Each structure stands twice: as structure tokens, then as C-alpha cells.
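Two independent chains are provided; combine them into the complex using the hints.
So the sequence lines, in the order shown, correspond to chains A and B.
Numbered continuously in numbering that gives the first Met the number 0, the first sequence closes out at residue 167.
Numbered continuously in numbering that gives the first Met the number 0, the second sequence closes out at residue 301.
The set of hints was computed from the structure by calculation and includes no laboratory data.
If you're wondering where the values come from, they're calculated on a predicted model, not measured in any experiment.
A couple of the hints might just be wrong.
To spell it out: a stretch of chain A is covered by chain B in this simulated footprint if at least three of its residues, at any positions, have a beta carbon under 8 Å from a beta carbon of chain B; those stretches are [claimed, not checked]:
#1 17-31
#2 37-51
#3 58-64
#4 129-135
Even for Gly, the Cβ is constructed at its ideal location relative to N, Cα and C.
Spelled out from the first residue to the last, the chains are:
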Amino acid sequence: MLGKVVVRAVLNGQECEFLADPRQTLLEVLREELHLTGTKEGCGNGNCGACTVIVNGRPVNSCLMLAVQAQDAVIETVEGLARGSKLHPLQQVFLEEAALQCGICTPGFLMAAKALLDVNPDPTEAEVRHYLAGNLCRCTGYDKIVRAVLKAAQVLREESEKAAEVSA
Amino acid sequence: MKPFEYVAARTIDEAVEALASSKGPAKPLAGGTDLVVQLNEGRITLDRVVDIGRIPELKRVDVDAQGQLRLGAAAPCVDVYSHLNVQRLFPMLVDSASIIGSVQVQSRASIGGNLCNASPSGDSIPTLICLGAQAVIQGPSGRRVVPVEEFCTGPGQTVLQPAELVVEIVVPAPGENEGGKYLRFIPRNEMDIAVVGVGSWIRWEPQSGRITDARIALGAVAPTPVRAPEAEAALIGKEVSWDVIDEASRLAVNAARPISDVRGSAEYRRHLVSVLVRRTLLAALERAGVDVKDLGGEAYAG
Chain A
0 MLGKVVVRAV LNGQECEFLA DPRQTLLEVL REELHLTGTK EGCGNGNCGA
50 CTVIVNGRPV NSCLMLAVQA QDAVIETVEG LARGSKLHPL QQVFLEEAAL
100 QCGICTPGFL MAAKALLDVN PDPTEAEVRH YLAGNLCRCT GYDKIVRAVL
150 KAAQVLREES EKAAEVSA
Chain B
0 MKPFEYVAAR TIDEAVEALA SSKGPAKPLA GGTDLVVQLN EGRITLDRVV
50 DIGRIPELKR VDVDAQGQLR LGAAAPCVDV YSHLNVQRLF PMLVDSASII
100 GSVQVQSRAS IGGNLCNASP SGDSIPTLIC LGAQAVIQGP SGRRVVPVEE
150 FCTGPGQTVL QPAELVVEIV VPAPGENEGG KYLRFIPRNE MDIAVVGVGS
200 WIRWEPQSGR ITDARIALGA VAPTPVRAPE AEAALIGKEV SWDVIDEASR
250 LAVNAARPIS DVRGSAEYRR HLVSVLVRRT LLAALERAGV DVKDLGGEAY
300 AG
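Here chain B stands alone, though its shape is the one from the complex (with noise of 0.2 Å):
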């Protein structure tokens, strides 16, 4: 591994002007369970790494009084799934931080890192974006504020330019009647990668029965995660039926575009995008207070 600078940044500002005065390519370090191993395989080279692990607002898991999430960029997952608020309100991130890795990854690794990654496979993405967060980012020129949907440009790519940071996740009040549900498929029980993930997130209105909104993003079957509107647009205005979630779980296939690697063929995922997104459909409908159990055994089985 080529020689690198160790800036331990003390405030937001510093790590933006040691990112920024870095002579060579410089990137922000929070937990490390990427970068350490991208640095010792040497699939990136780095003159300065400036870590961000020891700013306190960038650790931080606050649940204000209306609701909102503020959530540090670098505050590691078992600070987010062990936070009783965020399990009350967000049980959606709960499934996708729960998740990432084995516990001893979930003692670093940071749901910011997670999406700096971008890896398209990401398993925080689709909820993020289902639960219609946006990434709060800070650079020399100041702080500007990207929806996570528009975040990641390519596999690995974001839209951060030289000296950003993200520093911040906003995840809006959860309102009456949503829910939502992260899943994905892995061959094994736990400590895999995604070979399909998807988000599900709806809201409903109990008096008429129906969807009112919704989102749909996948992970694993595009160069970033997506969403999927066509399955989203069959679903809103419609009688929660299982109808209705069989024929948006195959119009989200069309928003698919997998490539064959080794965790599982194009055709395989597209299959494991609507099984998931029927079974994610109905266990948001479940969280949003729907019983489930009223559209059918076969429904319920997934």
C-alpha cells in the first residue's frame, strides 16, 4: 500500500479543508469496513485520508419531537438499529442496518458510508430512498442538500465533488398509515451481499381502502439503485388487493436492468424482483396497519 496522510478531523470544517488542501486524491474515512480493505487490496490509492470518526455531530442518531431523523453521517449501524426511536418510527432502516455485514461490521460501519459507497448493491439505498431521505453534503463552497435518490451516479460513483462530504442524513416525520420493508435475497442466512434487494413503502387511507402513495426502489439489478414506476403508478389509487400488489410486483421488473455475475443470472434477478416486491409490499401494508391476512392465504405466504 502506497504511503498515505492521517488527518483526524475535529470539526466538519476541518475535514473540508484537509480534504480540500490535499495535495492528491483525499477521501473521508468513518468507520473504515470499505475503505481499509479497498486501501489494503489496492483498488483505490490515497494521499490523505481524513478521518471523521472523532466529530461528535457526525455520530449522532437524533429522533426530534416532531419526528424527523437526523442521522450523523458516520454514526455506526448498531447505533441506529439499538435506537428505540428509530425502531418505533423507522423500522424500515432497522431491516436494511441490521443487516450490513456481521455484528462486528455493524460496530463501524455507518449508514453515510454505506451510501458513499454506491455500491449498487447497497443495502441502506433502497430504503433511503423509499423513506424519501436526503443527504446532507458540505464542501468549500458550503452546504447543499441532494435527495439519496439522486445520490448515487454509477457503481461506486455519487455526485460528491473533490472536498465533500456527506455529513448528514435527513429522514423526514413518518406520517399516519405508511409503512415500508427493505428485503433482499442472499443464497445464505446472513453475511452476504444482495444478489436482489428491494424497498417497499406505501401509504394508505383506512376509510376507502386505498393506497394513496408509493415507492418502490431496487438494489442489485442497475448500475444505482432504482425506483420503479411503473409498479408504483399501478398501485396508488387502487383497493389494496392482491391483485393489485401481483400486478405491481411484475411491472417493477421493467424498471430492472440486471446484469449475469456470479451471485445470479439477469433472468434470475428479474425473477427475485417481483418475488420480493410482492412479499416487501405486503409486509409494509402490514407495518401501515393493513391486515394482511384478509387478502388471501396465498397473499400472506408471499
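One chain only, chain A, in its complex shape (with noise of 0.2 Å):
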């Protein structure tokens, strides 16, 4: 059968449930389905990052994904980072640093970015530009993204410091 394919998958923390025709990529679905525009796409081929979401704590390009491979899945994207108006520490230390000018590549640095932190709470300066390396920026050059990802570390390292301060 050639029809669509009833996806369910669990995104930004709640439960969804959509209709994929299997050549939709993931960032068709995201952005035309589910009318989640944050996510950018760029060069559509893997190579620009720009769509990046993070697929079960990893970082993918949604535009290399099917919609049905999300089957199950658990999908952060950058509707997912902020608390109500409070933005996420990534996005906060991105806007006082200055790393972002156009802003169509933001949104992939942000989640890759964030996908780094989870899993390495303090990364150095070459293992961030490695990890970045998979997103490109047309306008503001790298230094001030790079810098605002390891800013945005010490501030994500001083808040959980603060947690565990106040739940012992």
C-alpha cells in the first residue's frame, strides 16, 4: 500500500500523533504538518545543519529523516527549548553574545548545541567547534557562537549546582 502512515512519537514532552506520506523528511512534517517553523531548512542535504532536532538524544539533520523513521521517537526541536517565556540558557546567552545575525542557521546551532551540553556538561572550546562543525553560518562567523555555547555551559553547570544545593 502506498498511503500514509500513522506516526506517534512524543515531541517537545508531549504526546503526538500525525500522518506521514513516506517521502515527507521530518522537517516536511515538522514545519508543514505540524506547523513547527523553527526548524530551517538549508541546504537540504545534510550539509548545512540548519534543521537540526534531537532525535532520542542525538542530534539529526530532520531533512536526512524520513517522518516515518520518527515512529516511537522522542523529538526535541527548538519550539521545545524555552519555559513559557523564559528562555532556555542556550538562547539567552546566544542573544547577549551576539552569536546570531540572520538567524536561519540559529535554531540548528541552538539544538546541536544543546544535544553537546546533555551529554558533555563541559566541553572545551575544540571539542564544541568539532561538535558544531556539521552547522554552517553565512553571517557571523563562528567565534561568537562558539563562545555563547560555552558561556551558556557555565550558566547551565551554575544552575544545576544551584539545584542540588537546594534539594540537599
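So this is what it looks like as C-alpha cells:
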């Protein structure tokens, strides 16, 4: 059968269900069916990283993944970063450090950086640069982005230390 | 893109059945980082796509008590290079798995997929050849095993028959005093396709200082990855020295049949073969326990 497939997943913490044509990429479904247009399409072939989302804890190019492959997956997009009106530390520091200009690459950088900090809360500059090699920015350049990620890592570490003190 | 049917196989048998019963062309889908681009850009047209990424045994990375690696064909690169026993016993495989695309690509792309895509520049293939890996293939008439060295038959072409798929890659346990290294040359630091890729593997005998076995595999210089037999023969039985390494690096060029394209001219590729054979041999010897600094400063600088 050539019909659409029912896909169930957890998207930004909420259970969700959508119908996907097997030809649709996860990127297309996120933007066009679920209207989550924060995730951007850049190259469409896995070179630029603008469409980066986190699937089961790992960064992926959503343009290289069929939506039907997201069955039972836990998906995080840039829309899931902020808590209400409170920006995620990565978002806040990207603003403070002027780590963006036109902004098209920013959601991809934010999600790739989050994936890194989720598994490595205290990366070196070299580790940040290596991890973000699959994300291209054509305006700001990379120094401000790398500095922002390192600073956000520090903010997140301080937050988790405070939380640990409170719970102790 | 022409509509295609999507089948999520739960077992290897279901995958083979789904491939065999398709009326038109069908292919297995592991991570999708090559196949989805090929479909999107209209480079291939399929009637059926069989998702093998949900079959548990195809996702496993197992090193057994003897040190043999059994690598599920759809296991993503990140699971390969993050595996502590793979890091310990097969550092050469880490060389390859950690440079295929970006971290985003490595989250999904598999070694099995890199092999089946059969690109002359596929970064895992020279390594698998050097390590003596075997591809376990399942199809309608059962299982067969093909050495990775014989797997690719041309650019994008393999020994796979219709409805066959690679289910596992088996890498023999490493022995004592062995080491291998894969390096590629790209004009950038990351995120590029090899202009030339070279894998070198050696075994030596510390008592005599002699090399007892050697394998050199070249990528992106022929329609498929190829061995460099003259260079290997020049190493085996010789005492480790800079002159022997240098001689092997010059002989390895004879195995290259490069083309000139956007990534580099044939002449440049031949030059790169000799440079990369020197560098990978030195690194392989170092991993095998040879103190390569003893070979002289010029040698260590590559």
C-alpha cells in the first residue's frame, strides 16, 4: 500500500500523532504538518545543519530522516527550549553574545549545542568547534557562537549546582 | 519524488521477504543519510523502501570474550566509536566512524550503509579491508559471507543480489603486536569527502623487529577501494625502518588508478597516496607498539 503512515512520537514533551507520506522528511512534517517552523531548511542534503533537531537524545539532520522513521521517537525542536516566556540559557546567551545575525542557522546551532551540553556539560573550545562542524553560519562567523555555547555551558552548570544545593 | 511504499521490518526474515516480494526496485533503509538524499534528488527511484533500522540485532555492537567484533549493519557510527571495547581493540574503526559526515550524520549513518553505498571514497571501507572484515549477507536463498575486500564491484555497485541485504559485519579479534590507521586528505578540517583515503595495517615481531604481515587499502583512487599488493610485499619480512616505509609508500602509488575531478587531479591523488601511506604506516606501527621516534625525526614528521 502506498498510503500515509500513522506516526506516534513524543514531541517537545507532548505525545503526538501525525500522518506521514513515506516521502516526507521529518523536516517537512515538522514545518508543514505540525506548523513548527522554528526548524529551518538550508541545503536539504545534510551539509548545513540548519534543520538539526534532537531525536532520542542525539542531534540529527531532520532533512535526512524520513518522518516515518520517527515512529516511537522522542523529538526535541527549538520550540521546546524555552519555558513559557523564560528563554533557555543557550537562547539567552546567544542574544547577549550577539551569536546570531540573520538567524536562519540559529535553531540548528541551538539544538546541536543542546545535544552536546546534554552529554558533555563542560566541553573545551575544541570540543565545541568539532561538535558544531556540521552547522554552517554565513553571517556572524563562528567565534561568537562558540563563545556563547561555552558561556551557556557555564550558566547551565551553575544552575544545576544551585538546584543540587536546594535539594540537599 | 515518485511515491514509494514504506515497510518497517521487525525481523531480518521480514526484511528479506519485503525486498523479495516488491514488484519493482526496493532497497533497505538504515539511517537514511545517503538513501534519503538519493531519493530526494531523483538519483534513484524505488517502489518500496524497507526500514531495517527497527530490527534490534541489526543495531547491536558486540565485542565477544575473544575480541571478535560483530557489528549490526544498521548500527549508527556514534554507537561504534563510543563503544569502549571498539575504542580499545579497533581504534582504526574509530578513525573511520568518527569522520563520516557531521555528528548529526553520525547519529544515524551506519558502517553497513557506508559499505553498501559503495562509494570509492567511503571512509569505512579501506579500514574494513585492512581489518579483514567480512560482510554477512542474507537473502531469499539464505546466508552467505563475503570478505569486504570483494564486496564493492564499482562505484555504487556491490555483490548484493536482488532482495539481499547486509545484516552484519564481522571483524576478527586483533592479535598481539598489530596496529592499523586510517587517514583521509580533505582540504577542510571536517565535513568533506576524501580526496584520497588510506588505511594501513601491520603486524610485527618485537624480537626481530621485522614486519610479519601488512595490508594497505586505498580509497578514492579507483572505481572501488583497492589493496596495494606491491607495497605490502615490500614491507613483509623487512625490519622496520624509514627506508622500508618510504619504499612502500612509493610502490603503493602503482595500485592507484585515479581520475581527475573537482576534488583533485589524478597526479595530485597519486602524490597524496604516497604521503598518506607514509603517515598511516607510521601511525599503525606506533599503535602496534613500535617506538616510531627511533626511526628518525623526518619519519615522525610524516
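Against chain B, does the stretch 58-64 of chain A show at least 3 residues with beta-carbon separation below 8 Å? Three-residue rule met by the stretch 58-64 of chain A, so holds; n is 6.
Taking beta carbons only, do three or more residues of the stretch 37-51 of chain A come closer than 8 Å to chain B? With 6 residues closer than 8 Å to chain B, the stretch 37-51 of chain A meets the three-residue bar; holds.
Would you say the stretch 17-31 of chain A counts as covered by chain B, given the rule of at least 3 residues with C-beta under 8 Å? holds (count 4)
Taking 8 Å as the Cβ threshold, is the statement that the stretch 129-135 of chain A is covered by chain B upheld or broken by the three-residue rule? Holds: 5 residues of the stretch 129-135 of chain A have a Cβ under 8 Å from chain B.
In this structure, every one of the numbered hints holds.
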